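There are 6 protein chains.
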Amino acid sequence: MNARSLKIIEHPTRWGEGNIEIQAENTCILCTSSVIDSVPRFLRDSNQAWLTAEYNMLPRATHTRTDRDIQRGKISPRSSEIQRLIGRSLRTSINLKAFSGHTIIIDCDVLQADGSTRCHAINGGQIALIRGIQKLQHDNKIKSDPVNFLVGAISAGIVKGKPFIDLDYNQDHKAEVDLNIIMNEHGDLIEIQGTAEKKPFSRTTLNELLDLAWPEIERIIQQQKAVLQTPYPYNH
Amino acid sequence: MNARSLKIIEHPTRWGEGNIEIQAENTCILCTSSVIDSVPRFLRDSNQAWLTAEYNMLPRATHTRTDRDIQRGKISPRSSEIQRLIGRSLRTSINLKAFSGHTIIIDCDVLQADGSTRCHAINGGQIALIRGIQKLQHDNKIKSDPVNFLVGAISAGIVKGKPFIDLDYNQDHKAEVDLNIIMNEHGDLIEIQGTAEKKPFSRTTLNELLDLAWPEIERIIQQQKAVLQTPYPYNH
Amino acid sequence: MNARSLKIIEHPTRWGEGNIEIQAENTCILCTSSVIDSVPRFLRDSNQAWLTAEYNMLPRATHTRTDRDIQRGKISPRSSEIQRLIGRSLRTSINLKAFSGHTIIIDCDVLQADGSTRCHAINGGQIALIRGIQKLQHDNKIKSDPVNFLVGAISAGIVKGKPFIDLDYNQDHKAEVDLNIIMNEHGDLIEIQGTAEKKPFSRTTLNELLDLAWPEIERIIQQQKAVLQTPYPYNH
Amino acid sequence: MNARSLKIIEHPTRWGEGNIEIQAENTCILCTSSVIDSVPRFLRDSNQAWLTAEYNMLPRATHTRTDRDIQRGKISPRSSEIQRLIGRSLRTSINLKAFSGHTIIIDCDVLQADGSTRCHAINGGQIALIRGIQKLQHDNKIKSDPVNFLVGAISAGIVKGKPFIDLDYNQDHKAEVDLNIIMNEHGDLIEIQGTAEKKPFSRTTLNELLDLAWPEIERIIQQQKAVLQTPYPYNH
Amino acid sequence: MNARSLKIIEHPTRWGEGNIEIQAENTCILCTSSVIDSVPRFLRDSNQAWLTAEYNMLPRATHTRTDRDIQRGKISPRSSEIQRLIGRSLRTSINLKAFSGHTIIIDCDVLQADGSTRCHAINGGQIALIRGIQKLQHDNKIKSDPVNFLVGAISAGIVKGKPFIDLDYNQDHKAEVDLNIIMNEHGDLIEIQGTAEKKPFSRTTLNELLDLAWPEIERIIQQQKAVLQTPYPYNH
Amino acid sequence: MNARSLKIIEHPTRWGEGNIEIQAENTCILCTSSVIDSVPRFLRDSNQAWLTAEYNMLPRATHTRTDRDIQRGKISPRSSEIQRLIGRSLRTSINLKAFSGHTIIIDCDVLQADGSTRCHAINGGQIALIRGIQKLQHDNKIKSDPVNFLVGAISAGIVKGKPFIDLDYNQDHKAEVDLNIIMNEHGDLIEIQGTAEKKPFSRTTLNELLDLAWPEIERIIQQQKAVLQTPYPYNH
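Chain order of the listed sequences is A, B, C, D, E and F.
The first sequence runs contiguously to residue 236 in the UniProt record's numbering.
The second sequence runs contiguously to residue 236 in the UniProt record's numbering.
The third sequence runs contiguously to residue 236 in the UniProt record's numbering.
The fourth sequence runs contiguously to residue 236 in the UniProt record's numbering.
The fifth sequence runs contiguously to residue 236 in the UniProt record's numbering.
The sixth sequence runs contiguously to residue 236 in the UniProt record's numbering.
These are computed hints drawn from the structure, not numbers from a lab.
Keep in mind that a hint or two might mislead.
If several chains are the same, the list does not tell them apart, and a pair holds so long as it fits within one copy or across any two.
Stated by the list, open to error - No more than 25 Å apart at the CA atoms, straight line, and that leaves these computed lysine-lysine pairs for DSS-like: (1) LYS141 <-> LYS97; (2) LYS225 <-> LYS7; (3) LYS198 <-> LYS97; (4) LYS198 <-> LYS162; (5) LYS199 <-> LYS7; (6) LYS225 <-> LYS199; (7) LYS97 <-> LYS160; (8) LYS199 <-> LYS160; (9) LYS198 <-> LYS225; (10) LYS199 <-> LYS143; (11) LYS198 <-> LYS160; (12) LYS199 <-> LYS74; (13) LYS162 <-> LYS135; (14) LYS198 <-> LYS143.
Given the structure is predicted, the values throughout are model-derived calculations rather than measurements.
Pulled out of the complex, with its shape left as it was, chain A reads as follows (with noise of 0.2 Å):
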């Protein structure tokens, strides 16, 4: 009933000024940040940088093939509400009107996904940020810090009428009631997703899940100062 252990690796690939992937047992996540010197045109005019991500999962991170997004020559709404979940939660943890004129791109691709994808997106994505932040911060460009704070993310469900964390593929199939849960360090709520899949639920329910999620959430945000520790730029 506890959530899956975390192995987080720093720069798995060459690229990415924040490169990291997040594995929990069989969902395995690349969460890479990019920094690029502009912002988009609905923010030309504003004294700010932005934050944006993108979500996508490999045709054959599933057990049975998925089609690719581009063969109906539009992003699925799934995919589309995902990487919104993850851009919303990771703008509150940075503060872009301290630094302006740059955007972070977190790209998130799950090469394979055993459930909660959604939630290991934000864990991963959130470190990648952070060193996109310190890439500005080593080449100059931002003096202050703009990090708020960092958050963390875990799906809760019901399956056959018990709590369960950490939600997998076979768990969240099953499950009555669908929970993801976005804290910060200071254990306050970013977001909270809540659906009665198969049976609507009550608040003791709600409540009996938010107790189950914040002590995992908090683990989670401690996994990433650890891997945080290691001074950037570090060597490829």
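Since the structure of chain A is already known, use the hints to place chains B, C, D, E and F on it.
Leaving out everything else, chains B, C, D, E and F in the frame of chain A:
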């Protein structure tokens, strides 16, 4: 700090098996249900019905004009997320396996937008859905009663540190926390989506907002039931 | 054999510089004008204003549901033709060179369709357009009067060998000849589009239909003028 | 002030059941018909044939280059309107219910454009269509004669206050009124589309243009008939 | 076993700075060049010209009708590959840095297809390109001579074990090996694309086909030069 | 001047009938095969299997970030060309008529790109393909052995006048000539694609590059065979 009072008008337009205009002051949405005697391809060999929802805002539902999705050739991620939420929530209210071979489409067209459109689309869509079911019963296409319960939805948020429900555009725009709550008539949760728009929020705040939400949702469901007392088919 | 009487309601919704609901019995269209302080790229270096129109039917404006254009990712040829006709007709009614740098968008959303929607979209759009012009005058953005004349539109057709005007869906469906006539207040033609839907038609028939159309268009333009007697800005 | 004389070349290219190049001085269009032994999905359970047309201009058919529609990923509204007009007009000339299960596609590719391309596409397309019908008869796939009549088309307009027919690009560009007239061999109207490009026009003007058009259309239909005297199949 | 003799007609249509119809028996392609006084965005700050090519087949260029790319809303991979090949090959023939700020577009529209269309599009496009350059020189927009050399193209293949060049559709269809060879007037290779359609091929076969190709390409380039002897501007 | 040594890892991820990570120093590609028990529509009435390939580069596989194809809504011409090349080459290696009713999809996702990705996608895809065939044999869905031979691929080029093979990004970027060579285990050519990127090249150069390529391809095919010695199914 109370929710706006709802005005629900049945059959404002001539067609639609169900046909509802729902108004919460300056928010005004046309919700229709259409009953189709077939199911989408992915359900062709199953033994169940289907329910889907579409959400759209007229370009001048808003204070300044919003471009139509068709101008860019694809549905906006926001509309896509909302219509998925509406469909998911309303699907819980009926048993799709109790009748097969039919699709019910709930169309929610926002004529005027002043906050909380997704919640009131659910509130109006629920009535339109029941009317669609009644149409099928009236035509002897379903014998049993597939209705599990009614669902209602309300938005809640923190504006300048204070809790509000049923946010209008001005409140929504300034909200630090934005929460959409969908519950059924028994007070159980169907969906909860909370976002720290400007500031992380504590579980105490979450509970405070949930406390405010339930009486309003209960009142909305009472109002839905009052409308549904009129027997079907109603005369035009 | 007369045209249906028109009901014109100003500001049925809150926003839109002009804002008209026009009803011809079961045909009901919301026409708004939006004034934008820029012109499209192709006019950027010219010295004139721009006027464009968009036409859309709600999915359940019709007896059986019509799929939204966005489902196929592109505007239907029918909608495209109609909105080009509306824009072309209304552009003749004003002098775009008399004021520059502004775009007026006329949105025509059919809430309920029972024939002749393109004609009544023009009839309602004309009023919304004048209100948009008055808004610009009220804001001192145009000094001169750019209005050339008002235009009105009516459909006509031959059903079972007999001439009809302002065809409803049942008549339109059976019509052997379908004619849309747009004229200005001086009785001159702005646009004429006639199609032998089921049977070629003689020039005698064409003249008979034109004879029927003008008195009705004249009456419609009188009704537009009556609505426009209320000075701008009207109170909500 | 007369129409340009038409040059009609049969089988300029090798393939196409019908295969016509039609020239009106600098306007030159390749019109082919293709006979396909199936009907579109929406006619699958009906008992009739189908006829559709496609219209396209080569990028350098015009004085300055026009981008291909494919560059924007969708057919231009102008091409779409024109090909719908061609299809609608030619469909009146045959009885689709007299033979079933076949589709005839009329392709009109403008090699060189100097005004009136839509009218001459109809004039050439009519011949290609009859050749397609003859191919079906020759293959014993239709027994009866499904041809109702031949149709011809001519443009007319007012340029600097004077009436013109078969407008070339220079005339069309300056025309105050632009009228396209499609009639059958009996002098009845099939389609009429008139637009006040720069100036509203009176019914007197409309009649004057119609008076000019009919003799030219009659002449064109005579020319079509002369070409069709050559029995099918012609030798390459 | 020889290449088909080429027929090259200059200015078959009225417009196009260069304007060539090239025929190899039943293969017939219209090649035009258009000179535009700007460069694409990606070259805006560079100091060079641009050359691009577009390739398209008319739907009835082939024995049975081929759907237009626009029907699917995107260019077919085959057309895309071919137009990239044409552009790449012709770009080698001129020095884009010798003149800046202009774009030359080579449009290759296949009117009739009987094999080897990509090669003959290059052969005709080369002449159209030089005419475009001459237009720029004639207008005093380029002083120097940017032409490096002329290029010619020929297809080759193995059919039933025997080598062929300039394959027509019947040969191409049955070819075990399909090779497209583009060379310049000095006998150097510009592009070579060989595919084992049905059977792997030895280097001996490759050399045999290259031996056959060069004399034909040399002959084609002689023919290009002969056409280009006529001084520019030619009279229409 | 030798090819980079290849590292081939089997089953780096959990799913995929075949599942290969292939590395040539900093080029790293994930190649999977997916076996599907149906064929595409165009083969439905044939008696054969189908094989297709998809190629994609992760956005941060490259030194600076590359936008995903989905951002523009269509596959890039480069990706499209490459995946067609991979599919075409691998199809020669098996006899699709030896087994029917199945589709094998080869997915090649470039995790890290440092030149020659299309060649190594073929090298890795070949192994994944054989594993897919073995899966079908293991499930008793094919009895016979449909493998014709193995194919290998290598890039070659001229950089500063000197021949190189297996070009990395830096070499590729500066190459005057760029050649991709695909051969089978018998030393016969499957595909050859050569482009004069900066300078036309002689047949002598072509032969010199082909001389260099074959021993490397032979070595690669030996390495493929060594990997395939491990019997299927392998344990995870």
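Check: Which holds for LYS141 with LYS97 at a C-alpha limit of 25 Å: within a copy, between copies, both or neither?
Finding: within (14 Å within a copy, 35 Å between copies)
Check: Is it within, between, both or neither when you check LYS162 against LYS135 at 25 Å Cα-Cα?
Finding: The answer is neither: 44 Å in one copy and 38 Å across copies each exceed 25 Å.
Check: Given a CA cutoff of 25 Å, do LYS199 and LYS74 count as a within-copy pair, a between-copy pair, both, or neither?
Finding: Neither: 32 Å inside a chain and 33 Å across chains, both beyond 25 Å.
Item checked: Intra- versus inter-subunit Cα pairing at 25 Å for LYS198 with LYS160 -> within (11 Å within a copy, 37 Å between copies)
Notebook entry, point to check: Which holds for LYS199 with LYS143 at a C-alpha limit of 25 Å: within a copy, between copies, both or neither?
Noted result: Result: close only across copies, 24 Å inter versus 51 Å intra.
Check: For LYS97 vs LYS160, is the C-alpha pair at or below 25 Å within one copy, between two copies, both, or neither?
Finding: between (46 Å within a copy, 20 Å between copies)
Next item on the list: Could you place LYS199 and LYS7 in one of the four classes (within, between, both, neither) given a Cα distance threshold of 25 Å?
Entry: neither (33 Å within a copy, 30 Å between copies)
Item checked: LYS199 and LYS160: within-copy, between-copy, both or neither at 25 Å Cα -> within (11 Å within a copy, 35 Å between copies)
Checklist line | Up to 25 Å CA-CA - LYS143 versus LYS198, copy category | finding: between (50 Å within a copy, 23 Å between copies)
Notebook entry, point to check: Should LYS198 paired with LYS97 be assigned to within, between, both, or neither, using CA atoms and 25 Å as the limit?
Noted result: Only across copies: LYS198 and LYS97 sit 13 Å apart there, 42 Å inside one copy, limit 25 Å.
Note to self: Please sort LYS198 with LYS225 into within, between, both or neither, judging by C-alpha distance up to 25 Å.
What the structure shows: Between copies, since 24 Å is at most 25 Å while 37 Å is not.
Notebook entry, point to check: Using 25 Å as the alpha-carbon threshold, which applies to LYS225 and LYS199: within, between, both, or neither?
Noted result: Cα proximity of LYS225 and LYS199: across copies only (22 Å, versus 37 Å in one copy).
Hints 5, 12, 13 from the list above are not met by this structure, while the remaining hints are.
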